[in-house]
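Quick note, the sequences are listed as chains A and B, same order.
Going by my numbering, the first residue of the first sequence is number 1, and it counts up by one from there.
Going by my numbering, the first residue of the second sequence is number 324, and it counts up by one from there.
Derived by calculation from the structure, the hints in this document are not laboratory data.
Don't take each hint at face value.
Residues from chain A that face chain B, not an exhaustive set, calculated with beta carbons under 8 Å [stated by the list, open to error]:
1) Y16
2) A20
3) P31
4) I101
5) L114
6) T120
7) L137
8) M149
9) L243
10) F247
11) I248
12) Y254
13) T290
14) T291
15) V301
16) V304
Facing chain A, a subset of chain B residues (Cβ under 7 Å, in silico) [what the hints assert, rightly or not]:
17) C383
18) A389
19) L392
20) W400
21) N434
22) F484
23) E503
24) N509
25) Y510
26) P529
27) K568
28) P572
29) I573
30) S609
31) A632
32) S655
Bear in mind the structure is a predicted one, so any value in this text is a computation, not a measurement.
We put the CB at the ideal spot given by N, CA and C, even for glycine.
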Amino acid sequence: MVEGKKSVNFLRGILYLSPALILMAIFTFYPLFNTFIISFKEEYNYMTGKYAEWGFANYAKLFASGNIFRTCLVNTLVIVFVSVPLSIGLSLLIAVALNSIKPLQKFFQTIFFLPYVTNTIAIGMVFSVIFESHQGLANAIITEFGGNMINWLGGNIQATTIGKGFLDPNNAIFTPQWLTSMIVLMVYIIWNSLPFKILILLSALQGIDRQYYQAAQVDGTSKLRIFSKITVPLLSPQIFYLLITSFIGAFKEYTSVVAIFGNNAQSVGQRNNMATVVWYIYKKTKEGGTTMGYAAAGAVVLFVIIMFFTLINSIISKKRVHY
Amino acid sequence: MGIIILLLFVAFVVCMLVLKKTNVAYENFQRCKRGNVYIENADELIRREKIVKVVRYIICYAFLAALALFMILPFYWMIITSLKTEVEISLVKPTFFPKEFAWENYKYILNIKNYQIETSGSIRFNLWRLMYNTLVVGFFSTLGTLVTTVMAAFAFSRIKFAGREIIFTLFLATMMIPGEMMVISNYITVVKYMRGIDTYWSMIVPFLISVYYIYLLRQNFKQIPDELYYAAKVDGTSNFKYLLKIMIPIAMPTLITITILKLMGSWNAYVWPTMVTQSEDMRLISNGLRNSFSDSEGRSTQGRQMAAATAVLAPLLIMFIFLRRYIMRGVSRSGIKG
Numbered sequence: 001m002v003e004g005k006k007s008v009n010f011l012r013g014i015l016y017l018s019p020a021l022i023l024m025a026i027f028t029f030y031p032l033f034n035t036f037i038i039s040f041k042e043e044y045n046y047m048t049g050k051y052a053e054w055g056f057a058n059y060a061k062l063f064a065s066g067n068i069f070r071t072c073l074v075n076t077l078v079i080v081f082v083s084v085p086l087s088i089g090l091s092l093l094i095a096v097a098l099n100s101i102k103p104l105q106k107f108f109q110t111i112f113f114l115p116y117v118t119n120t121i122a123i124g125m126v127f128s129v130i131f132e133s134h135q136g137l138a139n140a141i142i143t144e145f146g147g148n149m150i151n152w153l154g155g156n157i158q159a160t161t162i163g164k165g166f167l168d169p170n171n172a173i174f175t176p177q178w179l180t181s182m183i184v185l186m187v188y189i190i191w192n193s194l195p196f197k198i199l200i201l202l203s204a205l206q207g208i209d210r211q212y213y214q215a216a217q218v219d220g221t222s223k224l225r226i227f228s229k230i231t232v233p234l235l236s237p238q239i240f241y242l243l244i245t246s247f248i249g250a251f252k253e254y255t256s257v258v259a260i261f262g263n264n265a266q267s268v269g270q271r272n273n274m275a276t277v278v279w280y281i282y283k284k285t286k287e288g289g290t291t292m293g294y295a296a297a298g299a300v301v302l303f304v305i306i307m308f309f310t311l312i313n314s315i316i317s318k319k320r321v322h323y
Numbered sequence: 324m325g326i327i328i329l330l331l332f333v334a335f336v337v338c339m340l341v342l343k344k345t346n347v348a349y350e351n352f353q354r355c356k357r358g359n360v361y362i363e364n365a366d367e368l369i370r371r372e373k374i375v376k377v378v379r380y381i382i383c384y385a386f387l388a389a390l391a392l393f394m395i396l397p398f399y400w401m402i403i404t405s406l407k408t409e410v411e412i413s414l415v416k417p418t419f420f421p422k423e424f425a426w427e428n429y430k431y432i433l434n435i436k437n438y439q440i441e442t443s444g445s446i447r448f449n450l451w452r453l454m455y456n457t458l459v460v461g462f463f464s465t466l467g468t469l470v471t472t473v474m475a476a477f478a479f480s481r482i483k484f485a486g487r488e489i490i491f492t493l494f495l496a497t498m499m500i501p502g503e504m505m506v507i508s509n510y511i512t513v514v515k516y517m518r519g520i521d522t523y524w525s526m527i528v529p530f531l532i533s534v535y536y537i538y539l540l541r542q543n544f545k546q547i548p549d550e551l552y553y554a555a556k557v558d559g560t561s562n563f564k565y566l567l568k569i570m571i572p573i574a575m576p577t578l579i580t581i582t583i584l585k586l587m588g589s590w591n592a593y594v595w596p597t598m599v600t601q602s603e604d605m606r607l608i609s610n611g612l613r614n615s616f617s618d619s620e621g622r623s624t625q626g627r628q629m630a631a632a633t634a635v636l637a638p639l640l641i642m643f644i645f646l647r648r649y650i651m652r653g654v655s656r657s658g659i660k661g
């Protein structure tokens, strides 16, 4: 610890912190409050600084019927509640399987980590090629098994769509194109999020004391019981950490949507049907004019939702997590 | 192709059935051993136990291999599609390996010199210019981040002053807040007050600080024993020199990890660069890639698209091959609760 007089040390500390403090003040703390304020300014023009009135008008318009924001919210919630449990479950299985083998373990570990070091946009384009409506790889595999071609990303009418049977085509959001596009998006999001989770869970698994398993073996406990009564409870801090971070990450899903569906976030022949909350925020920010208020209101809504879920997660974790 | 998958599936089902049957025997066997009960067919049971083990391994490896295939597939498909000719790409049945390697897509991508608008209306993918922009932004933002991170981590770990813990907690709290809250106001700040549209610094300055890296380095600095500091003091070393000559070399692995992660971050940066650039000459690489191939072109440019994607991914993959240790350590560190 650096020695010295209290006042000298204070100056010293602030001096070393000054670059960080200045940058944080300009680009983190100030914007945080400013965004809150903007969200309450009706028809705020950011170039002139003029606005019509204070109030909740931006929020009211956000949730008014016919606004694309509703679609965005539904899409985001679907992404969160489908992709997060699936990817955590799958990565847990993979991590346990990886931990139980000896030969080739390093090899598999490297392969499973590979998607972490990729460019989201580039691989998103690859996925849109794989799920191409006609000659894509996905359709080639399906037709190989005698199935009908699926019109994954919308567009071509001749190709059959799996959603036709149980999704009402007149519904504004849940069209058949929406379902198939969402499946593609889910596959991509899960593919993209597995490496990080596997790495975290595997390094936690390798840190578990062998004694627990030996004790269980002596008692003749079945593998399934060992998994649910020893492995999962001992991993609960990591699982909880992953749950919170991936919840937050899934609520902010944006780049992967743009990577597959383009800047307008749509399946072919649809209008912005794959849009997410963050997509809405960025679109309204860039539009210029007086739309900045909607973007700010959208960001605050996102912030509140994320805080709410983080709070729930931590309440549950207090009861469930074994540290 | 289909037959192979079908066979794998059948094998999987058979394995599961065998496992279920032998598992019961295995559990009975375990129970017997505990009670020292005489077992008539001990050999038979031991044999079964071995089978269970083998089957379990087979299932394990099959499961991992199938998923590894799923992980690799997009990379594989990207590379082989980029090597196919336009004729081969437009076949009704896609081929799993190019009939002949066609390098024309790469020749096309690597030889673009300027941003011409294609006949289809989309912008040409000017790889070299985009790469140059990205490297400039990546280099300076990494350098700046290292400076701010080292200084802040030193203050947080070594200098005792009033309010230190409060500031640190405040910093950490910002990690919970979605970045979209900041992006809106930052956009106004940069565009309106700083006139930063189409400049390099507008893509660098807002990212010169990372709370997560400060946290990472602070943990590392804290592990360095105080005795080293006192020894340096006796020798008359100044604080700054101590930081430079002793703490930084000790924390080098962490600094390398930060450098790599930061460089990868700028290579993949998409949202902010899209917002603050309008001229095609100032785009970063992810951004340029997305804008260059519009959806309307369809299949005819798939080969070029995939060649461009490969060119964007290649530096990342090379980095991964040589520096895997640092990357994986930096990432796995974030999962350990500190």
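For each hint, the structure was consulted:
Because the closest C-beta pair between A:Y16 and chain B is about 4 Å apart, less than 8 Å, the hint holds. Because the smallest distance between the Cβ of A:A20 and any Cβ of chain B comes to about 4 Å, under 8 Å, the interface hint for this residue holds. The restraint placing A:P31 at the interface with chain B holds, with a minimum CB-CB distance near 3 Å, inside the 8 Å limit. The restraint placing A:I101 at the interface with chain B holds, with a minimum CB-CB distance near 6 Å, inside the 8 Å limit.
For A:L114, the suggested interface contact is upheld, since its CB lies about 6 Å from the closest CB of chain B, less than 8 Å. Look at A:T120: its Cβ gets to within about 6 Å of chain B, closer than 8 Å, so that hint holds up. With a least beta-carbon distance of about 6 Å to chain B, the hint placing A:L137 at the interface is held under the 8 Å criterion. Look at A:M149: its Cβ only gets to about 10 Å from chain B, farther than 8 Å, so that hint breaks.
Contact between A:L243 and chain B, as hinted, is not supported at the beta carbon level, the nearest pair being about 12 Å apart and thus beyond 8 Å. Hint status for A:F247 relative to chain B: violated, with the closest Cβ pair at about 11 Å, above 8 Å. Taking 8 Å as the C-beta cut-off, the interface hint given for A:I248 holds, the closest approach to chain B being about 7 Å. Interface hint status for A:Y254: upheld, as the beta-carbon distance to the closest one in chain B is roughly 7 Å, under 8 Å.
Interface restraint check: A:T290 against chain B, minimum CB-CB distance 13 Å, threshold 8 Å, status violated. The criterion of a C-beta within 8 Å of any C-beta in chain B is not met by A:T291, whose closest approach is roughly 11 Å, and the hint is violated. Taking 8 Å as the C-beta cut-off, the interface hint given for A:V301 is violated, the closest approach to chain B being about 10 Å. Because the smallest distance between the Cβ of A:V304 and any Cβ of chain B comes to about 10 Å, over 8 Å, the interface hint for this residue is violated.
Checking B:C383 against chain A by beta carbon gives a least distance of about 5 Å; that is within 7 Å, so the hint holds. Taking 7 Å as the C-beta contact cut-off toward chain A, the hint placing B:A389 at the interface is violated, the least distance being around 11 Å. With a cut of 7 Å, the hint placing B:L392 at the interface with chain A is violated, because the nearest CB-to-CB distance is about 9 Å. The restraint placing B:W400 at the interface with chain A holds, with a minimum CB-CB distance near 6 Å, inside the 7 Å limit.
The closest approach between the C-beta of B:N434 and any C-beta of chain A is roughly 20 Å, which is over the 7 Å cut-off, so the hint fails. Using the Cβ-Cβ criterion of 7 Å, the hint placing B:F484 at the interface with chain A is satisfied: the shortest such distance is roughly 4 Å. Hint on B:E503 holds. Least Cβ distance to chain A is approximately 5 Å, under the 7 Å limit. A cut of 7 Å between beta carbons decides the hint on B:N509: the least distance to chain A is about 5 Å, and the hint holds.
Annotation: B:Y510 was flagged as interfacial toward chain A, and the flag holds, the nearest CB pair being 6 Å apart, inside 7 Å. Interface hint at B:P529: satisfied, since its Cβ lies 5 Å from the closest Cβ of chain A, which is below the 7 Å cut-off. Evaluation of the B:K568 hint against chain A yields a violated restraint, the C-beta minimum of about 15 Å exceeding 7 Å. Nearest Cβ of chain A to the Cβ of B:P572: about 18 Å, over the 7 Å cut. The hint is violated.
At its closest, the beta carbon of B:I573 sits 16 Å from a beta carbon of chain A; the interface hint therefore is violated under the 7 Å criterion. The closest approach between the C-beta of B:S609 and any C-beta of chain A is roughly 4 Å, which is under the 7 Å cut-off, so the hint is satisfied. The closest approach between the C-beta of B:A632 and any C-beta of chain A is roughly 4 Å, which is under the 7 Å cut-off, so the hint is satisfied. Proximity of B:S655 to chain A holds as hinted, the smallest CB-CB distance being about 5 Å (cut-off 7 Å).
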